[in-house]
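Chemist: Chains as they are written, first to last, in our numbering: chain X, 1 to 257; chain G, 1 to 257; chain B, 1 to 257.
The hints are simulated quantities; they were obtained by calculation from the structure and are not laboratory data. All of these numbers come straight from a predicted model, not from anything done at the bench. There could be a bad hint or two in this list.
Copies of the same chain look alike in the list, so a pair counts if it works inside one copy or between any two.
Straight-line distance between alpha carbons at most 30 Å, and here's what the computed BS3-like set of lysine-lysine pairs gives [what the hints assert, rightly or not]:
1. Lys163 - Lys151
2. Lys61 - Lys194
3. Lys133 - Lys162
4. Lys159 - Lys133
5. Lys151 - Lys162
6. Lys236 - Lys151
7. Lys204 - Lys103
8. Lys61 - Lys133
9. Lys133 - Lys204
10. Lys159 - Lys184
11. Lys163 - Lys61
12. Lys61 - Lys236
13. Lys192 - Lys162
14. Lys236 - Lys162
15. Lys61 - Lys192
16. Lys103 - Lys163
17. Lys204 - Lys152
18. Lys103 - Lys192
19. Lys152 - Lys236
20. Lys204 - Lys61
21. Lys159 - Lys192
22. Lys163 - Lys236
23. Lys162 - Lys184
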Amino acid sequence: MAIVTLLTDSGESDHYVAAIKARIISINPGIRVEDISHQIQPSDIAHAAFVLRAVFRDFPKGTVHLVGVDSTGNRGDSFVALQLEDHFFVGCDNGLFGLISEKTHQQLVELNVINTINTTFPERDIFAPVACKLASGVSITNLGVPMSTFKKMIDRQVKATKKQITGSVIRVDRMGNLITNIQKETFELLSKNKVYTLQFGGEKFRRIHTVYNQADQGECFMVFNSLGLLEIGIYKGNASELLGLGYDSSVNIIFEE
Amino acid sequence: MAIVTLLTDSGESDHYVAAIKARIISINPGIRVEDISHQIQPSDIAHAAFVLRAVFRDFPKGTVHLVGVDSTGNRGDSFVALQLEDHFFVGCDNGLFGLISEKTHQQLVELNVINTINTTFPERDIFAPVACKLASGVSITNLGVPMSTFKKMIDRQVKATKKQITGSVIRVDRMGNLITNIQKETFELLSKNKVYTLQFGGEKFRRIHTVYNQADQGECFMVFNSLGLLEIGIYKGNASELLGLGYDSSVNIIFEE
Amino acid sequence: MAIVTLLTDSGESDHYVAAIKARIISINPGIRVEDISHQIQPSDIAHAAFVLRAVFRDFPKGTVHLVGVDSTGNRGDSFVALQLEDHFFVGCDNGLFGLISEKTHQQLVELNVINTINTTFPERDIFAPVACKLASGVSITNLGVPMSTFKKMIDRQVKATKKQITGSVIRVDRMGNLITNIQKETFELLSKNKVYTLQFGGEKFRRIHTVYNQADQGECFMVFNSLGLLEIGIYKGNASELLGLGYDSSVNIIFEE
Chain X
1 MAIVTLLTDS GESDHYVAAI KARIISINPG IRVEDISHQI QPSDIAHAAF
51 VLRAVFRDFP KGTVHLVGVD STGNRGDSFV ALQLEDHFFV GCDNGLFGLI
101 SEKTHQQLVE LNVINTINTT FPERDIFAPV ACKLASGVSI TNLGVPMSTF
151 KKMIDRQVKA TKKQITGSVI RVDRMGNLIT NIQKETFELL SKNKVYTLQF
201 GGEKFRRIHT VYNQADQGEC FMVFNSLGLL EIGIYKGNAS ELLGLGYDSS
251 VNIIFEE
Chain G
1 MAIVTLLTDS GESDHYVAAI KARIISINPG IRVEDISHQI QPSDIAHAAF
51 VLRAVFRDFP KGTVHLVGVD STGNRGDSFV ALQLEDHFFV GCDNGLFGLI
101 SEKTHQQLVE LNVINTINTT FPERDIFAPV ACKLASGVSI TNLGVPMSTF
151 KKMIDRQVKA TKKQITGSVI RVDRMGNLIT NIQKETFELL SKNKVYTLQF
201 GGEKFRRIHT VYNQADQGEC FMVFNSLGLL EIGIYKGNAS ELLGLGYDSS
251 VNIIFEE
Chain B
1 MAIVTLLTDS GESDHYVAAI KARIISINPG IRVEDISHQI QPSDIAHAAF
51 VLRAVFRDFP KGTVHLVGVD STGNRGDSFV ALQLEDHFFV GCDNGLFGLI
101 SEKTHQQLVE LNVINTINTT FPERDIFAPV ACKLASGVSI TNLGVPMSTF
151 KKMIDRQVKA TKKQITGSVI RVDRMGNLIT NIQKETFELL SKNKVYTLQF
201 GGEKFRRIHT VYNQADQGEC FMVFNSLGLL EIGIYKGNAS ELLGLGYDSS
251 VNIIFEE
């Protein structure tokens with residue numbers, strides 16, 4: 001079964017999302033259309049990349065992901081289709097795709113677009129037909145001109161030494177939980193047999209939990225979440241509000257010798 | 001394949017939308033149910049009509065559009081089904097359907113309703129079964145009593161002369177873009193070989209762009225959008241907030257002889 | 001056709017909901033996944049129970065309802081699957097399921113879970129596979145260890161005497177309508193041949209309407225709604241804001257002898 005997912009910053013109070021779906025259904029009623037999210041903050045590439053990176057691998061291989069976030073990009077950004085980790089992606093080469101995987105793309109084309117200049121709704125007029133073709137088995141190489149690479153911005157990096165790991169909050173979720181870019185494997189490698197202290201805001205802790213409810217209600221929990229990333233929250237509370245931390249706040253783990 | 005779309009002002013934090021879908025699925029599991037939007041402002045017919053008008057034609061002909069916005073209407077408003085531009089619509093004759101097309105309806109009936117008076121949830125109890133029947137090929141004339149006309153309110157009009165076009169903002173979208181009722185064809189007809197000035201808020205501009213990113217970030221763009229309507233925005237900004245304009249604000253295009 | 005519904009407090013700006021759907025689709029692409037709501041307030045069991053109770057019976061019997069609200073619950077809460085009124089439910093035994101029906105469950109098991117302790121995303125990793133099995137016809141008794149009962153909290157009760165019914169608001173819906181726990185049948189039983197007065201906030205009324213638009217715009221309506229519950233609203237207005245009432249506010253019906 002062919003699946004096309006949608007990820008946009010269009011919200012749900014306008015006609016945009018329905019128009020993209022209607023176009024896909026009109027072209028090929030056999031396609032299953034699944035929403036990832038339409039609540040990405042307007043043009044927020046970091047938000048969109050976090051969500052897409054977190055979920056695309058949960059869909060079956062071969063799924064086509066139509067991405068309509070900051071779709072007009074900057075002048076000169078082209079519309080692309082790519083294959084990456086056996087998934088297909090269609091959207092604007094505005095830097096977003098460079099943030100979703102460390103792997104090298106398998107295929108990449110700049111889309112053949114007739115009259116780009118006349119389209120103010122590329123998600124419906126350009127991306128939807130291309131997504132339908134990919135979902136129907138058309139080869140990506142038939143959809144455009146091969147490119148060698150796409151835009152890669154440098155993402156927030158973690159600094160990791162024997163003495164300290166310094167990361168930052170890359171997403172505040174709906175619950176107010178603070179998801180950082182500190183990976184479980186980095187921590188496990190560096191923390192062996194060492195005493196450690198977590199520092200963020202004015203807080204210090206000396207343990208990491210394995211599940212949320214090891215903390216009591218109103219208490220801080222720190223877990224490596226289902227993405228393998230350090231997540232800080234307050235059990236049944238809003239950590240972002242209560243701790244005064246948000247996107248880009250720094251989080252440290254200090255090791256004692 | 002039979003498609004029923006849903007457009008309501010019910011929001012998504014209650015049971016209403018799921019109840020309508022469950023009723024449809026229970027009656028005919030073969031129907032594909034697609035959301036247009038459930039984020040219409042409560043009882044906001046203008047908002048709903050804008051969204052429905054903008055998107056219904058993107059769905060395949062024969063699609064049934066169940067509209068649950070201001071569904072109880074005013075006293076005396078009847079429940080109707082109509083065929084218009086080869087699409088079907090089911091809802092309350094509260095004026096909304098009169099705003100979605102200039103074409104004459106093909107068929108129109110007042111629904112046969114038993115015990116209307118006892119139903120506080122017509123979307124589930126009346127519209128859903130009717131939508132299922134239409135989607136299954138039942139003739140609209142079997143669903144009610146023919147009516148000659150439905151309620152037509154006078155929509156905001158554009159004043160267009162050789163000297164000036166005066167329109168208004170009919171929708172502020174999620175991005176804060178200001179969509180007006182000034183049509184591309186009106187402009188093209190009147191602007192031939194003429195110098196023009198766009199005026200809105202305290203701003204004046206002398207060009208119209210063809211795509212959003214002809215403006216720089218933070219700059220004003222004016223385009224004829226995918227609906228053929230003049231749209232004013234600020235590239236990667238919120239025009240409504242930054243320009244202090246909103247629904248019903250007036251926009252002028254002045255021609256020099 | 002197998003249906004799995006989703007009810008979560010995850011919101012729609014993160015990857016969580018899409019991850020649950022992707023897991024279900026990956027296991028069994030033949031399953032129809034339907035959203036009930038993802039806009040339940042974080043960990044708000046009362047909100048979730050109200051919505052689920054209001055709608056689950058509208059789905060076909062045999063539907064599987066995956067509930068991801070307060071899924072980690074309190075320490076010691078187990079993950080369960082149950083059959084109740086010929087529907088299946090999968091989630092955390094945090095008290096929510098005890099609020100959705102007065103009927104006795106037909107079957108109940110504590111889920112066999114390997115490595116619970118290592119899962120921070122039970123909706124995707126535990127509930128989704130179980131829901132797929134139930135939807136595919138696997139017997140509930142194969143999914144876990146039988147339990148005799150699940151957690152039952154005492155819900156807000158209505159006090160009903162020959163002189164007075166005292167209930168409370170159990171849900172403020174998106175329109176600002178106040179839905180109470182006073183049932184139509186209780187009222188009908190006690191009000192026979194009696195004059196009555198409704199009291200809430202500082203207001204007093206002596207009638208109950210049958211449909212919303214028996215009130216004029218801006219006026220208070222009181223109806224027994226599609227759930228058979230007394231609902232108070234302001235026609236085309238927000239009763240919660242205008243009357244200053246909200247969740248848990250009390251509503252009285254006083255009978256004169």
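Chemist: Please sort Lys133 with Lys162 into within, between, both or neither, judging by C-alpha distance up to 30 Å.
Modeler: Neither, since 50 Å and 46 Å both go past 30 Å.
Chemist: My question is about Lys204 and Lys152: at a cut-off of 30 Å on alpha-carbon distance, are they close within one copy, between copies, both, or neither?
Modeler: Result: close neither inside a copy nor across copies, 35 Å intra and 38 Å inter.
Chemist: I want to check one pair: Lys151 and Lys162. Are their C-alpha atoms no more than 30 Å apart within a copy, between two copies, both, or neither?
Modeler: neither (33 Å within a copy, 48 Å between copies)
Chemist: Is it within, between, both, or neither for Lys61 and Lys133, if the alpha carbons may be no more than 30 Å apart?
Modeler: both (16 Å within a copy, 22 Å between copies)
Chemist: Can you give me the call for Lys159 and Lys192, within, between, both or neither, at a CA distance of at most 30 Å?
Modeler: within (18 Å within a copy, 61 Å between copies)
Chemist: Please work out whether the CA atoms of Lys162 and Lys184 approach to 30 Å or closer within one copy, between two copies, in both situations, or in neither?
Modeler: within (15 Å within a copy, 64 Å between copies)
Chemist: Please work out whether the CA atoms of Lys236 and Lys151 approach to 30 Å or closer within one copy, between two copies, in both situations, or in neither?
Modeler: Between copies only: 19 Å across, 39 Å inside.
Chemist: As a check of your reading, is Lys204 near Lys61 (CA-CA no more than 30 Å) within one copy, between copies, both or neither?
Modeler: For Lys204 and Lys61, neither the intra-copy (42 Å) nor the inter-copy (51 Å) Cα distance is at most 30 Å.
Chemist: How do Lys163 and Lys61 come out at 30 Å by Cα distance, when the copy is not named: within, between, both, or neither?
Modeler: For Lys163 and Lys61, the Cα distance exceeds 30 Å both inside one copy (40 Å) and across copies (59 Å).
Chemist: From the Cα coordinates, with 30 Å as the cut-off, is the pair Lys159 and Lys184 best called within, between, both, or neither?
Modeler: within (14 Å within a copy, 54 Å between copies)
Chemist: Should Lys204 paired with Lys103 be assigned to within, between, both, or neither, using CA atoms and 30 Å as the limit?
Modeler: neither (35 Å within a copy, 49 Å between copies)
Chemist: Measure nothing new, just compare the shortest in-copy and cross-copy C-alpha distances for Lys159 and Lys133 to 30 Å and report within, between, both or neither.
Modeler: Neither: 42 Å inside a copy, 44 Å across copies.
Checked against the numbered hints given earlier, the structure breaks hints 1, 2, 3, 4, 5, 7, 9, 11, 12, 14, 15, 17, 20, 22 and satisfies all the rest.
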